[in-house]
Amino acid sequence: MPALITNSTTRYGWAAIVLHWLIAAIFIGQFALGFVMMRVSSQRTAFELIQLHKSFGFLLLGLVILRIAWRLGNTVPALPRSVGRFERRVAPLVHFALYAFQLALPLSGWALVSVSMLEIPSVPFNLFVMPDLPLAESDSAESFWTSAHWYLAYAGIGLVALHFAAALRHHFWLKDAVLTRMITPSSDHNAE
Amino acid sequence: MVARIFGFAAVAACLAMPVFAAVALSDAAGSYTISPAGSSIRFSVGKAGGGGLAGAFARFKGSIRIDSSNVGRSQVNITIFPESVGTGQRRVDAFLRSDAVFDAANSPEIQFRSTSVKRTGDTSALVTGRLTARGKTFPEKFTAELAGLKAGTIRFHVTGKVLRSRYGMDVGTPIYSNVVDFDMTLTGRRR
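In order, the protein sequences belong to chains X and V.
Residue numbers for the first sequence follow this note's numbering, so the first one is 1 and each next one is one higher.
Residue numbers for the second sequence follow this note's numbering, so the first one is 193 and each next one is one higher.
This is chain X alone, in the form it adopts within the complex (with noise of 0.2 Å):
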């Protein structure tokens, strides 16, 4: 078993449980930022906090980009046999449309820099000149994809809840391994 960096048929490696909780954590963590920063008063706070957004934003684009071919590129783990027949349904269009959300979210946000009148830079944590997408600024294109970027970041964080929920009733009502095999490739607990 090589280190258990890659995904077998029963189990999650270390690379696709790393990918999975290192974006969750930016995903929360945006949403967070994202509506702390259109609330504080101090101009020169929400203009801080907005380049930190952005930052990260462009840090998660590459993650889901990551995360994407690793996953088309890797064996995908079968349900445990204790799902049953409406969630090995359902489960797998969550999955994709979280994933869809994933790269939404930054490319929606990357597009309203982009379009903005206001032409402010995108520099990631300071590191490097990240180029506009190729989009016409105005005034009416940038209140669009105002609205599309909290429209998707409301709607995508309802589906983490969602898929959160869904991992908590498996671990204490079902008392399956479908949360803790997202947390260690090691255990022996694949029903499979």
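Rather than coming from a laboratory, the hints here were simulated on the basis of the structure.
One should not assume that every hint holds.
[Stated by the list, open to error] Once the Cα atoms are required to be at most 20 Å apart in a straight line, the calculated EDC-like pairs of lysine to aspartate or glutamate come out as:
#1 V:Lys239 x X:Asp132
#2 V:Lys239 x X:Glu87
#3 V:Lys253 x V:Glu301
#4 V:Lys239 x X:Glu119
#5 V:Lys253 x V:Asp219
#6 V:Lys239 x X:Glu137
#7 X:Lys175 x X:Glu87
#8 V:Lys353 x V:Asp375
#9 V:Lys239 x V:Glu337
#10 V:Lys353 x V:Asp373
#11 V:Lys253 x V:Asp375
#12 V:Lys353 x V:Glu337
Since the structure of chain X is already known, use the hints to place chain V on it.
What follows is chain V alone, placed relative to chain X:
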């Protein structure tokens, strides 16, 4: 810039030779009030990836006094009202006026008081002075180039660089440069 100087020299040579060749101090000497109509105070701040943020102050006042016997004793005083900043983007203007940058509500004036004027050429001078913004004062240097002298009116093109971080305005660095480039045309009318 070089082209501009040469162009300027050529125009000066053709049109204003008698005035500029030896700018007789006696001609220019006197006290002037800066006239907003013929003046502008523009600035720009470079940004990461090229381009920059450019704007101007619409309201300012000041005076220029050119000493009749000694240019070095000349004096320039300018007061800028940062509330009047304009960049063409309302949100940027509001940001600049806020306590993130100028804090115009609490610091309604930016002042420059010259401390020395050194003539550096027939029509140019280096003006050193004390710039006060947001309660902080530092010495700054500006280059002044005589751009016109007619009966009762004197015009200077003034340029200089100011480090904004020293005045508590470092917000946005390093995405936006710490260096603010000033480009002013100051027209004085003899009092």
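To see whether the hints hold, each was checked on the structure:
1. V:Lys239 x X:Asp132: Roughly 14 Å between the alpha carbons, so the hint for V:Lys239 and X:Asp132 holds.
2. V:Lys239 x X:Glu87: violated (51 Å)
3. V:Lys253 x V:Glu301: holds (10 Å)
4. V:Lys239 x X:Glu119: Distance ~10 Å between V:Lys239 and X:Glu119 Cα, so the pair holds.
5. V:Lys253 x V:Asp219: violated (23 Å)
6. V:Lys239 x X:Glu137: holds (18 Å)
7. X:Lys175 x X:Glu87: holds (15 Å)
8. V:Lys353 x V:Asp375: Satisfied, since the Cα-Cα distance of roughly 9 Å is no more than 20 Å.
9. V:Lys239 x V:Glu337: violated (27 Å)
10. V:Lys353 x V:Asp373: holds (5 Å)
11. V:Lys253 x V:Asp375: With a Cα-Cα distance of about 16 Å, the restraint between V:Lys253 and V:Asp375 holds, given a limit of 20 Å.
12. V:Lys353 x V:Glu337: holds (15 Å)
Comparing the model with each numbered hint stated earlier shows that hints 2, 5, 9 do not hold.
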